[in-house]
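Chains as they are written, first to last, in our numbering: chain C, 197 to 948; chain S, 197 to 948.
Hints were generated in silico from the structure; no laboratory data involved. All of these numbers come straight from a predicted model, not from anything done at the bench. One should not assume that every hint holds.
If several chains are the same, the list does not tell them apart, and a pair holds so long as it fits within one copy or across any two.
SDA-like, lysine to any residue: derived pairs with alpha carbons at most 25 Å apart [as the list claims (entries may be wrong)]:
no.	residue 1	residue 2
1	K789	K893
2	K789	G897
3	K601	G903
4	K601	E804
5	K601	R803
6	K425	K601
7	K902	F590
8	K425	G903
9	K425	G901
10	K422	K601
11	K601	V796
12	K425	P750
13	K789	R591
14	K826	R512
15	K422	R814
16	K789	S589
Protein chains: 2
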Amino acid sequence: MDASALQLLVPIAGIVAILFALYLARDVLSRDTGTEAMQDVAGTILEGAVAFIRRQYTTIAVIALIGAVVIGVVITLVETPEVADVPELTNPAWGAFAGLPIGLMTAFAFLVGAACSMASGIIGMYISVKANVRTASAARRSLVEAVQVAMRGGAVSGFLVVALSLLGVWGIFTLYDTFVGNVTVAEAPFLIVGFGFGASFVALFAQLGGGIYTKAADVGSDLVGKVEKGIPEDDPRNAGVVADLVGDNVGDCAGRGADLFESTAAENIGAMILGVAVYGIAVAAGWPNPEAWIFFPLIVRAFGLLATIVAIFFVRGSETEDPMNMLNRGYWVTTILSVGGLALVTSLTMNTNGGTGEAFGLPTWVYFFFAGVVGLATSVAFVYITQFYTAGSFRPVREIAEASKTGPATNIISGTAVGFETTLVTAVTIGIALFASFWLGDQAGLVNQEGVNVGGIFGTAVATMGMLMTTAYILAMDTFGPITDNAGGIAEFSRAEQGAREITDRLDAVGNTTKALTKGYAIASASLAAFLLFSAYIDKINLIQGRRIEAGVPGAELLDSVNLANVNVFIAGLLAAMLVYFFSSLAIRAVGKTAQSIIVEVRRQFREMPGIMDYTQRPDYARVVDITTKAALREMVAPGLVAVAMPIAIGLLLGFEAVAGMLMVGTISGVMLATVLNNGGGAWDNAKKYIESGQLKDDQGNVLGKGSEAHAAAVVGDTVGDPFKDTAGPSLHVLVKLLATISLVLAPLFIR
Amino acid sequence: MDASALQLLVPIAGIVAILFALYLARDVLSRDTGTEAMQDVAGTILEGAVAFIRRQYTTIAVIALIGAVVIGVVITLVETPEVADVPELTNPAWGAFAGLPIGLMTAFAFLVGAACSMASGIIGMYISVKANVRTASAARRSLVEAVQVAMRGGAVSGFLVVALSLLGVWGIFTLYDTFVGNVTVAEAPFLIVGFGFGASFVALFAQLGGGIYTKAADVGSDLVGKVEKGIPEDDPRNAGVVADLVGDNVGDCAGRGADLFESTAAENIGAMILGVAVYGIAVAAGWPNPEAWIFFPLIVRAFGLLATIVAIFFVRGSETEDPMNMLNRGYWVTTILSVGGLALVTSLTMNTNGGTGEAFGLPTWVYFFFAGVVGLATSVAFVYITQFYTAGSFRPVREIAEASKTGPATNIISGTAVGFETTLVTAVTIGIALFASFWLGDQAGLVNQEGVNVGGIFGTAVATMGMLMTTAYILAMDTFGPITDNAGGIAEFSRAEQGAREITDRLDAVGNTTKALTKGYAIASASLAAFLLFSAYIDKINLIQGRRIEAGVPGAELLDSVNLANVNVFIAGLLAAMLVYFFSSLAIRAVGKTAQSIIVEVRRQFREMPGIMDYTQRPDYARVVDITTKAALREMVAPGLVAVAMPIAIGLLLGFEAVAGMLMVGTISGVMLATVLNNGGGAWDNAKKYIESGQLKDDQGNVLGKGSEAHAAAVVGDTVGDPFKDTAGPSLHVLVKLLATISLVLAPLFIR
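Sequences and hints are given; from them, build the entire structure.
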């Protein structure tokens, strides 16, 4: 098997993964759907979720269509005067699109990316909503079966999202490379950045809308049900409970699916752009298969998908085993097989000794193999870091639980301190990963004709791709979370037997951990990718400036380095750091406002329908779902538009060099704040669970459990953490990558 | 009066300000000290404050001495191999210090800066502790008299701090310029950066120690007294109450005094370094008084001091007037006189048409006069921005109060959203100020021999200096806060008559506002100065590199631009953004730990001394003061050392270019997080006050005041905000400037 045959593996792996996902979906759907009561509530959840998703994606589709038209027109307009100056843009090389090339191609790629992202979100939600009741039903029989149903349901989503992203990038790349005029393989990656922008554009609204929905429903129904009326969570008497269960699906599943779809797409495209520089060296040096340096990210990800398929079969165990162990086993299988795949791909595609400045005399592939391993190791490190900070058995969560003894104020102070503290190990780990992968790539000595060593930056790209190899498995584990959360809700709601509820409770706790892990993973990949996308932005600017210089446009010059001493770069950095907070403020406030609508409605139902409390009247669940849907969709627009408008405004007012400052500071600030919000929220959540499990004791050794003042204080912390960890934090992941894709796509606008 | 005569004004204004401060101090000390009960508690406060300050400053002095020795030795060691290579450093120009010049001179400047900063902190605290009881006593007679006593007490501190900073920088500059060898006026500013480092080093520990003390005492005594025992704030039965009153002085007075001392010193020195570039142009062009471009910051500040002296006499009014109006009147007088002073100074020192690239054909001074006005306007803008976000009559505080109706969780969520939101107007205002002052300076066309226009950066320096003109007045208003806070506590504690307590309550509310204003001012000046200090760092690097290039050191090159695409710059930025959170985490946690010690002790006293509750037993106040002192001093060390060690580690591991990235991202992140913490905390505080003043109503129009559930929720928010706004936030101001001074001083260490 030589390197060009490896390229064929990309569509094959994508299709195999989709077929496997269909097999898993059949398997899940063939399971029994439990008691009538279970089917009843599951049907209501499905109905609510579908109603929300339909309205949400209609809204998003409209916004995306407008976005595509605006992008097409604006880029065409901006390019047009250049076209007069820059003959190359009207070159027949641009084939059928000559005249209006980039604008249309970008808009088309944007729409394809948006459509794939929407498909990912919808599929993820749909399967999850089908798997929940089947997991609840399986829990009546066996822990292992329940784990398998939930994990397979999650894997359907994981495989489809990652395969769609792989096939989407591959398809549009191949389309532009092969069928449009005679665009070269080195130009094509720049033409498909619109795909990444479309994906992150949709992901932003999907994550915001879903995140606002899920947490508003959670906070709103808990505040009336648990706090005011003193009834348990997920109690059928609470009119908000179905909205809460719907929220798990539309927020956690659909949102995260869209988030990871755009991550993999944007990072993949960024890595391909960086590969272009190495491609140039390979062509000049006459190495075999030079285009493999550009294709590399696709091939690596294809191997990641295949590794994950194998790993799914390792999710098994005994009835007494900790379910987390079963999931971890699969994760380790994925990781180990990925290391093997990485060795195979790098040794086949990068097997040269051609670097002119090479250290140690090793073959080139060895450096990049280890750079990829750095990425995989970073992924593993984050899994354990997140567990330390958010799992109940370690110091941070215990500290918050202890602080709850003196009331909600000390609980909040302690949780904030823990959230802030988690930036330390996050930043240090990412810093080491960047440094190591850059250093490894640098040693390969890939020096281009201008005497610049481009291997270092490519090393960070390979590390990011290594990390992305496990995305399908991570996403499967993540979707496991809302499925088991829902299964627990359905069991509670349908008053299932005690044994089933014990199993779903255990699964729910594991699901909380896996949800937290995915956020750590998403943050780590966003940070690792930040430097890569930043470099890709500079490459794109220099591609445009190179053409302008050739055409003799006055004032055009290459961006050799972004100058921090330029006041506009500083101001852009300041505004970017602000954007991260302001955006989070809007997202958090949106949850508050939406929750307020829910509180009013649930209170009204309790007041006007007195039969609810003694089960003689059925609450109007659909009305709460409807109110939540409308409010969440209304509230997602403002933060979404701010996130899109601000980088454009900065670029237009302060220029393309300032945009680089915005990208750097925005990414760093966004990653740090998301870390604080995700981990702080996770730690608060688990401090509450720690107390509920009876592990907190007073000075005399009495257990301070449910109903104690410490527990009430911990509930406050948990509620505060909800919009932090499930709305603002995950939306920040998307924002950070949106900043990169928007800058890449609109770069021509910012050059004056 | 020509420009060289203006230079004489610097020591004269400094001495006049000190004499005026002594006059005010005499005036304050001559006032009566009230009833015996008042004198009794004031004496206890004085005792506790002196005990803390003595121990704290002994600790700080030891750390500073060690720091000075380390700096001296390290810089000497680092310079030594260079000395062999770079003959200029052994040049007789370095006079008596030839051979070991910079190390010793820097260490000496560090010690002088540290000593002046310590003196500022001690004086501020001492006068405040004397003025409090006199304000309480005056409140028995007249509102206006009470305002005047408190404001004059504050002004003593304001004048002494600013005059000491002015005389300190002037003195050490004159010393090095005049008496050491024959250092030129263009070299001297680089030699005195140690003064700024010494000042910020002491300020960091002073602010941390004081901030931890004050909030731990506040939180600790409130949690036991108000929450557990249900007795009022400042009730004499609470053993923690004296520690709380002591805390106002050692945290708010001594801490802020040291903070603003180092701000003015560091920014002044940074502006002088930037003046060196213009000095070079002036010398080459043969303009008169070229050294005035270097002296400029000192002269401007001297005028600011004189303006403030006049303004103090305008703090007067009628008994029925809002005290805030009286203070605002003085502030406006300061600002207007400062504009006049700015016009005078710029027209006398910069009266040339020499810029080669000048726009509009105006005299040079006009551009810089307006740049200075931008600085003054920024100061005014921040005063009103802070009022909007933290005063009870506006939307943000009302929003938090409304959210308190649904409990502590929604109060915290809403306050967080408000805190995050305040970054918007902060960043935009600073961005506009930087852009405008840079643009103005740029138009002056000060182009140096290399063809670089240095006027833009100098414009931002002039804006910063314009802003600093009002520092003495701002600091007087700030110290007004803890004095009136203490006066209220003394009135409550000594059970003074109702009329006096009403007046001290009104003053206390005003004091809360002025304290918030100062934080806004400190943040704005830190941000404006950030770019200036960043540029000064690059100038310093290039000074060193220029010498190394001349000496033929291999690999030495000028730092023309800091390259964001350098992976080390990115990593350093990431670590800097993390440092800001991690440092805050340590500071917040330190408050929690210290408060815990206080809670245990106050509870013990209530338990073991049952007579306390019915006033038959006197609590052991001194013991709580003692415990708080020890705990606060222990807890201040870790965050302080982290703040000092991290930039050094980044510089040593990643190099001098990365340090520039750290400076930029660290400053931006620090300013934004401090904004969130300060304003969020202030808004929570005032949301509680809003409810206490009976302005919150339920749906039926009933007042939800003290004792309501909404009030309890607002108390939680206030408690959470305490360590945010009074420990972590203000400490971040200092950290941001410490990053700049440490980089300036240790730059030789980071060059390899």
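We went through each hint and held it up to the structure:
no.	hint	verdict
1	K789 / K893	between (37 Å within a copy, 19 Å between copies)
2	K789 / G897	between (42 Å within a copy, 21 Å between copies)
3	K601 / G903	both (12 Å within a copy, 22 Å between copies)
4	K601 / E804	between (37 Å within a copy, 22 Å between copies)
5	K601 / R803	between (34 Å within a copy, 18 Å between copies)
6	K425 / K601	both (23 Å within a copy, 16 Å between copies)
7	K902 / F590	within (20 Å within a copy, 39 Å between copies)
8	K425 / G903	both (14 Å within a copy, 22 Å between copies)
9	K425 / G901	both (19 Å within a copy, 24 Å between copies)
10	K422 / K601	both (20 Å within a copy, 16 Å between copies)
11	K601 / V796	between (31 Å within a copy, 13 Å between copies)
12	K425 / P750	neither (72 Å within a copy, 76 Å between copies)
13	K789 / R591	between (34 Å within a copy, 15 Å between copies)
14	K826 / R512	neither (41 Å within a copy, 56 Å between copies)
15	K422 / R814	within (18 Å within a copy, 44 Å between copies)
16	K789 / S589	between (35 Å within a copy, 21 Å between copies)
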